[in-house]
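Keeping their order, the protein sequence lines are chains A and B.
Each residue of the first sequence is one higher than the last, beginning at 1 in the UniProt record's numbering.
Each residue of the second sequence is one higher than the last, beginning at 1 in the UniProt record's numbering.
Honestly, the hints are just simulated from the structure, not real lab data.
One should not assume that every hint holds.
Treat identical chains as interchangeable: a pair holds within one or across any two.
[As the list claims (entries may be wrong)] Here are the simulated PhoX-like cross-link-like pairs (lysine-lysine), alpha carbons at most 25 Å apart as the crow flies:
#1 LYS447 to LYS386
#2 LYS421 to LYS320
#3 LYS159 to LYS172
2 protein chains.
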Amino acid sequence: MSSTASSSFSLSIAKPSSFHRPGFYFGLRLPNSISMSSEGFVPRSSVELNRSGLRVSQTRSPIRASAATQVMDLSVGETGFKAPTIVEVDLGDRSYPIYIGSSLLHQPELLQKHVHGKKVLIVTNNTVAPLYLDKVVDALTTGNPNVSVEHVILPDGEKYKDMDTLMKVFDKAIESRLDRRCTFVALGGGVIGDMCGYAAASFLRGVNFIQIPTTVMAQVDSSVGGKTGINHRLGKNLIGAFYQPQCVLIDTDMLNTLPDRELASGFAEVVKYGLIRDAEFFEWLEKNMQALMARDPSALAYAIKRSCENKAEVVSLDEKESGLRATLNLGHTFGHAIETGFGYGQWLHGEAVAAGTVMAVDMSYRLSWIDKSIVKRVHDILNQAKLPTTLPETMTVEMFNSVMAVDKKVADGLLRLILLKGPLGNCVFTGDYDRKALDDTLHAFCKS
Amino acid sequence: MSSTASSSFSLSIAKPSSFHRPGFYFGLRLPNSISMSSEGFVPRSSVELNRSGLRVSQTRSPIRASAATQVMDLSVGETGFKAPTIVEVDLGDRSYPIYIGSSLLHQPELLQKHVHGKKVLIVTNNTVAPLYLDKVVDALTTGNPNVSVEHVILPDGEKYKDMDTLMKVFDKAIESRLDRRCTFVALGGGVIGDMCGYAAASFLRGVNFIQIPTTVMAQVDSSVGGKTGINHRLGKNLIGAFYQPQCVLIDTDMLNTLPDRELASGFAEVVKYGLIRDAEFFEWLEKNMQALMARDPSALAYAIKRSCENKAEVVSLDEKESGLRATLNLGHTFGHAIETGFGYGQWLHGEAVAAGTVMAVDMSYRLSWIDKSIVKRVHDILNQAKLPTTLPETMTVEMFNSVMAVDKKVADGLLRLILLKGPLGNCVFTGDYDRKALDDTLHAFCKS
């Protein structure tokens, strides 16, 4: 089997089923140093621009030319607000744009052109509703009197991402007599996006929906790519659907009201993109984590955009997670076990992913798949983001084994993991590892 | 707008969105007089065969040549049992076969070639399990020791087609540690098929499933075409997914244990195909309803096959119900209102559809869209099948209006209905009708 990034990648396009094979490499990197023309932020490394604002490196494999992500610049619109950066998720007839920018809720045409039918249901929670519900209703209805907007406000928190809460969305939709031409709008973080998306996938066997993510976590990860679902008491996201939105609207101004802990939580997913496929982005993050923690608007906008580009490219290549897409779950198998074992909502998702990433990196090092310097750099960057690198004291080896046994990446009884392998920015999705390394990692991190 | 069957049909292929227009015609008929070579039954009209056993009429429009349905003859297999008739549902990479025949559970290779992974979950109910669960387990495991089979037995009845019962399927799947490579098997009637299909669509965001329908209703209609879902207290099938099976296995021997009332219920859907698109089949049914009620095996096999061919063709042309597929709901809008208003499970689905069909036909006649002779023929054939042609006494106009307001065919507030129009075998799916005719029909059938 090939062990170089570009050739294994080409193979995967020709024969997706080969992703199932253990030990398959995903050394995939995004086009480097993409400019941020509409945000005004440029990474320190020099860039060259083509007409779409994207630097095309001559050293890349041919597949790069068909990369899923694009950056477009729109001129300042009639509203006087700066037009958004657009990242396209390329999925054939299910393709959609991610709009990223400031003051996007003041540009109602962005949302309105994606609304189908005359009725909209906004799904949000009791934290976000007081801050943004009226603004979103305005964005949907300004100059558009024919649309009527309903809303349902759910309790905030991962522990409510369950069937009982989901039923409240169906109840509201049916009582409001929404029909197949309606549009659901998810206004909130990852929990709201996942639940609203699954409700939209299932209501009348599928209606349109729009994502308006309000947290870094949702903006850089969960709102993009169409994974929707709810938790079961025995595990996270075990019930759901792949269901793509009409668009994702990321108004970076919404981060102004995000608590520090939520902000940092999202950075766990940002760091992930660097580790699995974008070493240059990781290096940028090492230099700019302090700016991100200080909410530098340009730095935030760049990190969000580059994360969305990485996510969009992976999703475009492997929508249903035949293989490549699984790499986005670095740290998540351990992380889900922490969330389930420690109790939904005790830690934020990104906090659990951070600790889970440290465990995956530790295991990769035990397998001699990565250099020790990578272990240190991961610890350092997560510490900079004030994210946990050790486990809650109550976590046990038995809890990990129990939850990981029902992980979605188990295939015919074998737990497949995303592990780092090779230089920074390379990973594998594999069930072909020494089980002792996993046991050693679990025992090293758990007190019992 | 065109008013002939063939030209409107061609238009629909070129531009599916045109189906939304009110008053659009669906005068579509199946290739006539398909032979039943493996069942030995031949309709009374003469037939010509091409190599696949399908008579190709020279008078058809070109689209006929790409009809979704096929009939193949397989030779008698190594097991000594007669190979099934196969009707193909043509949906690109989601295409699948419907196997129809006797003793199919004794041909384990049929099922086994569609099982993915090493674990199977059979979803059935407490009526069917004592009769067929062991037989299906045998068919899955004979000569195939690597597969392990779990099962979950749900209570029997439409009133259990709800979220609480669905959760029992997820609980069992998770407790059994099924993974993404597992296969769900629906063993039962329409309720089991709809619930198991929706569970398969949602478990781990989608796993494979197989339909083994045990009632006429499920064999001729609900198991084919990928509509899955559950009821909400306010309406039928409001929560669900379009999700196609790997195959449908119809062992006609299973009808030997079907109660008479269930048998007749299925004939309501069989009659429907004749009314909306296959006049020749309707005429055949008029001549053979007594044979069907007497469970003549050849007549049953032919009716099932021809119904599946009609269904497969419609589904292949319009999987997600943009327009044409809605015509399969003749009588169902009224019928769903009866089921919801009268109480789930009081009447069988086909009984409600029969009365609903009579109402749709009555309304079509009030609109002067059909000749009175069709009204009489519908009454006569449903009476022959001992199906109801009047309503339960408790049904009121207000109950109809309330339930029909949340029907999935409402679009932007307008209730679209399937009504007959023109000669026998022609129908329309339209919101463009005189509301007075609907009111008159409701008042004619309801006592208050």
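**Q.** Hints that the structure is at odds with (numbers, increasing)
**A.** When the structure is compared with the hints, none of them turns out to be violated.
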